[in-house]
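Visitor: The listed protein sequences correspond, in order, to chains W and V. With numbering that gives the first Met the number 0 as the guide, the letters of the first sequence map in order to residues 0 to 236. With numbering that gives the first Met the number 0 as the guide, the letters of the second sequence map in order to residues 0 to 277.
Calculated from the structure, these hints are not laboratory results. Where hints are given, some of them may not hold.
[Stated by the list, open to error] A short, non-exhaustive set of chain W residues, derived as facing chain V with CB atoms under 8 Å: (1) 127; (2) 129; (3) 131; (4) 167.
[What the hints assert, rightly or not] The calculated DSSO-like cross-link candidates involving lysine-lysine, where the alpha carbons are at most 27 Å apart (straight line), are: (5) W:63 / W:232; (6) W:87 / W:157; (7) W:101 / V:165; (8) V:113 / V:35; (9) W:63 / V:113; (10) W:50 / V:113; (11) V:135 / W:135; (12) W:164 / V:272; (13) V:190 / V:138; (14) W:87 / W:135; (15) V:135 / V:43; (16) W:87 / W:201; (17) V:165 / W:135; (18) V:272 / W:135; (19) W:63 / W:164; (20) V:272 / W:56; (21) W:50 / W:164; (22) W:42 / W:87; (23) V:138 / W:135; (24) W:157 / V:138; (25) W:56 / W:33; (26) W:56 / V:165; (27) V:135 / W:154; (28) V:190 / W:164.
[Unchecked claim] A short, non-exhaustive set of chain W residues, derived as facing chain V with CB atoms under 10 Å: (29) 44; (30) 51; (31) 118; (32) 128; (33) 133; (34) 137; (35) 141; (36) 146; (37) 164; (38) 169.
Where a beta carbon is used, it is the ideal one built from N, C-alpha and C, also for glycine.
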Amino acid sequence: MRIRYFSCLAIVVLVACAVLVSARPPGGGTITGKVTYTGTPAKMRPIDMSKEPTCAKEHNPQAKTETVVTGPGNSLEYVVVYISAGDKPSAPPSQPVRYDQKGCLYTPHVLPLQANQPLQIYTDDPVAHNIHPMPKVNSEWNKSQPPGAPQIEAKWEKPEFIAVKCNIHPWMHGYFAVLSTPHYAVTDAEGNFTIKDVPPGKYTVTAWQESYGTQNQEVTVSAGAATVNFSYKALPY
Amino acid sequence: MKKNVIRSLILWAFCLVVALPGQVMAQDLGAHADGKSGDARNGKLLYQRFCVGCHGIEGNGLGENAQWLDPRPRDFTTALFRWRSTPTGTLPTDQDLYDTITRGIVATLMPTWKPLNPQQKVDVLAYIKTFSPRWKTQKPGTPIPIPAETPEVIESVLHGRELYDKMACWKCHGPDGRGDGPSAPTLTDDKNLPIRPYNFHDGTRFRCGETNQDLYKIFMTGLDGTPMPSFADIIQPNDAWDLVHFLRTLQPFVHSKSRELWLQYAKTHPDIKTIGVE
Numbered sequence: 000m001r002i003r004y005f006s007c008l009a010i011v012v013l014v015a016c017a018v019l020v021s022a023r024p025p026g027g028g029t030i031t032g033k034v035t036y037t038g039t040p041a042k043m044r045p046i047d048m049s050k051e052p053t054c055a056k057e058h059n060p061q062a063k064t065e066t067v068v069t070g071p072g073n074s075l076e077y078v079v080v081y082i083s084a085g086d087k088p089s090a091p092p093s094q095p096v097r098y099d100q101k102g103c104l105y106t107p108h109v110l111p112l113q114a115n116q117p118l119q120i121y122t123d124d125p126v127a128h129n130i131h132p133m134p135k136v137n138s139e140w141n142k143s144q145p146p147g148a149p150q151i152e153a154k155w156e157k158p159e160f161i162a163v164k165c166n167i168h169p170w171m172h173g174y175f176a177v178l179s180t181p182h183y184a185v186t187d188a189e190g191n192f193t194i195k196d197v198p199p200g201k202y203t204v205t206a207w208q209e210s211y212g213t214q215n216q217e218v219t220v221s222a223g224a225a226t227v228n229f230s231y232k233a234l235p236y
Numbered sequence: 000m001k002k003n004v005i006r007s008l009i010l011w012a013f014c015l016v017v018a019l020p021g022q023v024m025a026q027d028l029g030a031h032a033d034g035k036s037g038d039a040r041n042g043k044l045l046y047q048r049f050c051v052g053c054h055g056i057e058g059n060g061l062g063e064n065a066q067w068l069d070p071r072p073r074d075f076t077t078a079l080f081r082w083r084s085t086p087t088g089t090l091p092t093d094q095d096l097y098d099t100i101t102r103g104i105v106a107t108l109m110p111t112w113k114p115l116n117p118q119q120k121v122d123v124l125a126y127i128k129t130f131s132p133r134w135k136t137q138k139p140g141t142p143i144p145i146p147a148e149t150p151e152v153i154e155s156v157l158h159g160r161e162l163y164d165k166m167a168c169w170k171c172h173g174p175d176g177r178g179d180g181p182s183a184p185t186l187t188d189d190k191n192l193p194i195r196p197y198n199f200h201d202g203t204r205f206r207c208g209e210t211n212q213d214l215y216k217i218f219m220t221g222l223d224g225t226p227m228p229s230f231a232d233i234i235q236p237n238d239a240w241d242l243v244h245f246l247r248t249l250q251p252f253v254h255s256k257s258r259e260l261w262l263q264y265a266k267t268h269p270d271i272k273t274i275g276v277e
C-alpha cells in the first residue's frame with residue numbers, strides 16, 4: 000500500500016517537473032539569413048513633394064519610393080520574415096509598437112507587430128495627415144491627425160498585411176505586418192534578418208515582400224542558429 | 000384514433016423540418032429599425048426584385064447596371080458603409096442603413112425607396128446583412144452624439160474657417176470649397192476608383208442629407224471606404240459646430256445666416272488671410 004502511494008507521488012512529481020521544464024521560456028535557437036533578388040527590380044522614383052514644401056525641405060537628396068528597396072549585393076530591405084507554421088500560439092505583448100510620420104513619410108516603411116498588440120501612431124509633421132489603413136480582414140478606418148494632435152491608439156485583431164496611406168499626401172505609403180507569432184524580423188539595409196528566441200523544433204518560415212509576395216521554406220531549429228536564405232525574382236515593372 | 004396520432008406526428012415532423020431552419024436563419028440575421036423587425040426571407044424576394052440590378056445577386060455591387068454607374072453601387076460583402084452615425088471602423092446601426100434606403104443617396108443612382116413600406120425596408124435590410132460575415136462577428140458602433148447646435152455668430156464662422164485651414168480640409172475640398180484642392184486629383188475609393196471630394200460651391204444637398212446635423216455627422220464619423228477621415232478624436236463639439244457654420248458660407252445656393260454674416264464681414268475685412276497660404 001505504502002509503496003503504491005510513494006510511486007504515485009513520484010509520478011506526480013516527475014510529471015510536474017516535466018511540465019515546468021517545458022513551460023520555461025525557451026532560449027537558444029535563432030533563425031538568421033539574407034533576402035536577395037535576381038533579375039532587374041523596378042527603379043525607385045524620386046517623390047515630388049512640391050505640393051508640401053515643408054516636407055520637401057526635410058529631404059536632401061529627394062526621398063524615393065520604397066516599394067522595392069535594394070541594397071549592396073542584390074539584397075532586399077523591408078522584407079518581413081516570420082514563422083508561419085509550427086509555432087505555439089502566444090499572447091500578444093502589452094508593449095505598444097510605434098509608427099511615425101516624419102517629413103511626409105512613414106517610418107518604418109513596414110512595421111511588424113502581433114495581432115492585438117497595441118499600436119501607436121505619431122506625427123511630427125507641421126502639416127495635417129490622415130491615416131487610412133486599408134485592411135481586407137480587419138475593419139477599415141480613416142482618421143485625421145493634424146499637427147500637434149495626440150497619438151492614435153489602435154490594434155489589429157487578425158493577422159494580415161495591411162497597406163496604409165495618407166490621402167492628403169498620395170505618395171505616403173506603408174504597411175502594417177500583423178502576425179500571429181512573436182517570431183518575426185524585417186530585413187535591414189543589407190537584406191539580413193535574425194529571428195531570436197526560437198524554441199527547438201520544425202517550422203515553416205515565410206518571407207513577404209510587398210511587390211513580390213510570399214515564399215516559404217521549412218527549417219529545423221536546434222540549440223544553435225539555423226540559416227534560411229530567400230531569393231526573389233525581380234521584375235522591372 | 001391511432002391514425003389521428005400518427006397523422007399529427009407526421010405533421011409535426013414536417014413542421015420541424017421545414018420551419019426550424021427558417022427560424023434559425025431569421026434569428027441569425029435580423030434587423031431592427033423604425034420599431035420593426037426584419038425577416039431576411041422576405042427581404043431576399045424584395046432584394047431580387049428591386050436591388051439586384053445594381054447591387055448584384057451576390058451583393059458585391061456588381062449587378063448588370065454597375066458598370067455604367069459612378070459612384071459604383073455599394074458592395075455589401077465588405078460591410079463598409081459611408082453614411083453612418085457610428086465611429087470610423089465600426090458597423091453602422093440598422094437605423095442608419097434604414098435611413099439610407101428611405102432617403103436614397105443624393106446625386107447618385109440610388110433612389111428614394113418610396114415603393115417599399117417600412118416593413119419591407121427592414122426586411123431588405125435583414126437580407127443585406129447576410130452578405131458579410133462582419134455582421135455576425137461584430138456589433139455596430141455606438142453612435143457619435145450630436146449636441147445642440149451653438150449660435151450662428153461671426154466668431155463661430157471665423158473660428159471654423161481657421162479649422163478648415165489648419166485641419167487641411169482645403170487640400171481636397173479646395174480653398175473655396177469647390178472640390179479642387181491640390182490633392183483632389185489623386186483621390187481613390189476602396190475599389191481604387193477615382194473619387195471626387197464634395198463640391199460645396201455647386202452642391203446644395205449632401206449625399207446623406209441636408210441639415211447642419213448631417214454635415215456635423217459626416218466629418219465626425221468620416222466616410223469609410225473613401226479618403227474622408229474621421230475628426231471625432233481631435234475636434235470638440237463646439238469646434239465642430241464652428242466648422243459646420245463655416246462650411247455653410249461656402250454654399251452660395253443654400254441660404255444660411257452664417258453665409259450672410261460672412262459676406263458682411265468679408266466686405267469690411269478685405270485683408271483677411273487666404274486659406275491655404277502659409
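Visitor: State for each hint whether it applies.
Guide: The hints, checked one at a time:
Restraint check, residue 127 (chain W) versus chain V: the minimum CB separation of about 4 Å is within 8 Å; hint holds. Hint on residue 129 (chain W) holds. Least Cβ distance to chain V is approximately 4 Å, under the 8 Å limit. The beta carbon of residue 131 (chain W) is positioned within 8 Å of a beta carbon in chain V (closest approach about 7 Å), and the interface hint is therefore held. Because the beta carbon of residue 167 (chain W) sits about 5 Å from the nearest beta carbon in chain V, less than 8 Å, this interface hint is met.
Of the pairs offered as hints, the one joining residue 63 (chain W) and residue 232 (chain W) holds, with about 22 Å between alpha carbons and a cut-off of 27 Å not exceeded. Proximity of residue 87 (chain W) to residue 157 (chain W) is assessed by CA-CA distance (about 16 Å); at most 27 Å being required, the pair is judged to hold. At most 27 Å may separate the alpha-carbon atoms for a hinted pair to count; residue 101 (chain W) and residue 165 (chain V) meet this at roughly 18 Å. Simply put, residue 113 (chain V) and residue 35 (chain V) have alpha-carbon atoms about 17 Å apart, close enough for the 27 Å limit, and the pair holds.
For a cut-off of 27 Å, the pair hint linking residue 63 (chain W) to residue 113 (chain V) is broken: about 53 Å separates their Cα positions. Simply put, residue 50 (chain W) and residue 113 (chain V) have alpha-carbon atoms about 46 Å apart, too far for the 27 Å limit, and the pair is violated. Between residue 135 (chain V) and residue 135 (chain W) the CA atoms are separated by roughly 16 Å; this keeps the pair inside 27 Å, and the hint holds. Straight-line distance between C-alpha atoms of residue 164 (chain W) and residue 272 (chain V) comes to about 30 Å, which puts the hinted pair past the 27 Å bound.
A C-alpha spacing of about 24 Å is found between residue 190 (chain V) and residue 138 (chain V), which places the hinted pair at or below 27 Å, so the restraint holds. Pair hint residue 87 (chain W) plus residue 135 (chain W) holds up; C-alpha atoms about 25 Å apart against a cutoff of 27 Å. Restraint check for residue 135 (chain V) and residue 43 (chain V): the C-alpha separation of about 18 Å stays at or below 27 Å, so the hint holds. Restraint check for residue 87 (chain W) and residue 201 (chain W): satisfied, since their Cα atoms lie roughly 11 Å apart, inside the 27 Å limit.
Restraint check for residue 165 (chain V) and residue 135 (chain W): not satisfied, since their Cα atoms lie roughly 32 Å apart, outside the 27 Å limit. Of the supplied pair hints, the one linking residue 272 (chain V) and residue 135 (chain W) is violated, its CA atoms being roughly 43 Å apart against a limit of 27 Å. Our distance criterion of 27 Å between C-alpha atoms is met by residue 63 (chain W) and residue 164 (chain W), whose separation comes to about 16 Å. Distance restraint check for residue 272 (chain V) and residue 56 (chain W): the Cα-Cα separation of roughly 24 Å lies within the 27 Å cut-off, and the hinted pair is therefore satisfied.
Among the hinted pairs, residue 50 (chain W) with residue 164 (chain W) is consistent with the structure: their alpha-carbon atoms are about 17 Å apart, no more than 27 Å. Distance check on the hinted pair: residue 42 (chain W) and residue 87 (chain W) sit about 40 Å apart at the alpha-carbon level, beyond 27 Å; violated. The hinted pair formed by residue 138 (chain V) and residue 135 (chain W) meets the criterion: a straight-line CA distance of about 18 Å does not exceed 27 Å. In summary, the hint linking residue 157 (chain W) to residue 138 (chain V) is supported, as the alpha carbons are separated by about 17 Å, within the 27 Å threshold.
Note on residue 56 (chain W) and residue 33 (chain W): the hinted pairing is violated, with a Cα-Cα distance of about 34 Å set against a maximum of 27 Å. This hinted pair checks out: residue 56 (chain W) and residue 165 (chain V) have alpha carbons roughly 20 Å apart, not beyond 27 Å. Between residue 135 (chain V) and residue 154 (chain W) the alpha-carbon distance is near 20 Å, which keeps this suggested pair within the 27 Å criterion. For the proposed pair residue 190 (chain V) and residue 164 (chain W), the alpha carbon gap of about 14 Å is at most 27 Å, so the pair holds.
For residue 44 (chain W), the interface hint is violated, the least distance from its beta-carbon to any beta-carbon of chain V being 15 Å, above 10 Å. Interface hint status for residue 51 (chain W): upheld, as the beta-carbon distance to the closest one in chain V is roughly 9 Å, under 10 Å. About 13 Å separates the beta-carbon of residue 118 (chain W) from the nearest beta-carbon of chain V, more than 10 Å, and the hint is not met. Taking 10 Å as the C-beta cut-off, the interface hint given for residue 128 (chain W) holds, the closest approach to chain V being about 8 Å.
Checking residue 133 (chain W) against chain V: minimum C-beta separation of about 7 Å stays under 10 Å; hint holds. Annotation: residue 137 (chain W) was flagged as interfacial toward chain V, and the flag holds, the nearest CB pair being 9 Å apart, inside 10 Å. Because the closest C-beta pair between residue 141 (chain W) and chain V is about 4 Å apart, less than 10 Å, the hint holds. This hint holds: residue 146 (chain W) has a C-beta 8 Å from the nearest C-beta of chain V, less than the 10 Å allowed.
Restraint check, residue 164 (chain W) versus chain V: the minimum CB separation of about 9 Å is within 10 Å; hint holds. The beta carbon of residue 169 (chain W) comes within 4 Å of a beta carbon in chain V, closer than 10 Å, and the hint placing it at the interface holds.
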